[in-house]
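*Asks:* Go by the hints and put chain W onto chain Z.
Heads up: the protein sequence lines correspond to chains Z and W, in order.
Take any residue in the first sequence, count from 1 to its spot, add 36: that is its number in this note's numbering.
Take any residue in the second sequence, count from 1 to its spot, add 36: that is its number in this note's numbering.
One or more hints might be untrue.
Identical copies go unnamed one by one, so any copy, or any two together, can satisfy a pair.
Here are the simulated DSSO-like pairs of lysine-lysine, each with C-alpha atoms no more than 30 Å apart in a straight line [what the hints assert, rightly or not]: (1) Lys41 x Lys215; (2) Lys147 x Lys79; (3) Lys46 x Lys147; (4) Lys57 x Lys117; (5) Lys117 x Lys51; (6) Lys215 x Lys79; (7) Lys117 x Lys49; (8) Lys147 x Lys41; (9) Lys174 x Lys215.
Keep in mind that the hints were calculated from the coordinates and are not lab data.
Number of protein chains: 2
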Amino acid sequence: MELLKERIRKDGKIKGTDVLKVDSFLNHQMDVALFAEIGKEFKRRFADCQVDKILTIEASGIGIACIAAQYFHCPVIFAKKNQTKNIAGEVYTSQVESFTHGRIYNIIVAKEFLRPGDKVLLIDDFLANGAALEGLAKLVRDAGAELVGAGIVIEKAFQPGGERLRAEGLRIESLARVKSMSEETGVEFAD
Amino acid sequence: MELLKERIRKDGKIKGTDVLKVDSFLNHQMDVALFAEIGKEFKRRFADCQVDKILTIEASGIGIACIAAQYFHCPVIFAKKNQTKNIAGEVYTSQVESFTHGRIYNIIVAKEFLRPGDKVLLIDDFLANGAALEGLAKLVRDAGAELVGAGIVIEKAFQPGGERLRAEGLRIESLARVKSMSEETGVEFAD
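The following block holds chain Z by itself, in its conformation from the complex (with noise of 0.2 Å):
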């Protein structure tokens, strides 16, 4: 998508080798009009597709999910993290681990909008090392609903997640595929 890569390349801040920061726009400021290009895209990757629910996870995926649900015309669930209030037995569960913040958590949805059948494409901000997809589709799974496919903005192409998901079967849609970056050079784009 190229206006995504050009905003990138415009306003994304390299730190070192692996750190590309989009907070400008995409994950603590949110430009709602590049939103809405994004869901336009997502919508037309996966028009051969039907979705019933799209999922995605707490906080930046949230926005960008709901805008984009806009155009499927479907609702949106966030799975959240940390809960503890929600008893067992309620909610599908997994775990989750960050290698940005060096720990596990668990990310729940309550049972009762996750149905077996429901069609269900998750949407997020970044794939990287998979561990947030993997999670998602997981509660996708034990749900018995089925997993149409993620619909990711920025995939950092040099680490593995991306790789191993779609070895597993899962259909990717990535609007920006980050081959290699660096400060000096900027950001270099996959394809």
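*Replies:* Chain W only, in chain Z's frame:
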């Protein structure tokens, strides 16, 4: 907002006299078609104001704020909870006491996204004790930005936050004000 009140009557779940669960359409599963109507109503109520930025708080405010922002044609910033990766000096911070979860947490916004003179509208899903809204208002004041007001989806008018913050001069527009509720008789709305 009648559409919202009807939805709360239909799908809200009351526990005791002060817990109103609306997680089937507002803050776990999210009905983005309803959010669009909520966004239009916020725009109608704040039509007399210039709004440069919408500020909300993770996680459940984000979806509503993003869809509302489409009607204000402005970006959204979400305040992050318990962020440890940003160093002091780069962020505005304030403390929020959560009565629901019985703990105090910090919220932060990167200084670069709240500038002196910015006209800022707060948006959140609930107003009860007012702690979150007060924390957000402090971030705006600390930045030297101008607080336009607050758009709230559901106000628990039987809790003290709304009255206190209005007395302090904050303009609050709540789309549904709950006067009282009980498992037996349901929700009674103010006005």
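*Asks:* Decide, hint by hint, whether the structure agrees.
*Replies:* Hint by hint, here is what the structure shows:
1. Lys41 x Lys215: within (12 Å within a copy, 49 Å between copies)
2. Lys147 x Lys79: Classified as within: same-chain Cα gap 26 Å, cross-chain 34 Å, threshold 30 Å.
3. Lys46 x Lys147: Answer is between: at 20 Å across copies they meet the 30 Å cutoff, but 42 Å inside does not.
4. Lys57 x Lys117: both (22 Å within a copy, 18 Å between copies)
5. Lys117 x Lys51: both (27 Å within a copy, 23 Å between copies)
6. Lys215 x Lys79: within (24 Å within a copy, 41 Å between copies)
7. Lys117 x Lys49: both (27 Å within a copy, 22 Å between copies)
8. Lys147 x Lys41: between (37 Å within a copy, 25 Å between copies)
9. Lys174 x Lys215: within (27 Å within a copy, 41 Å between copies)
Hint compliance for this structure: every hint is met.
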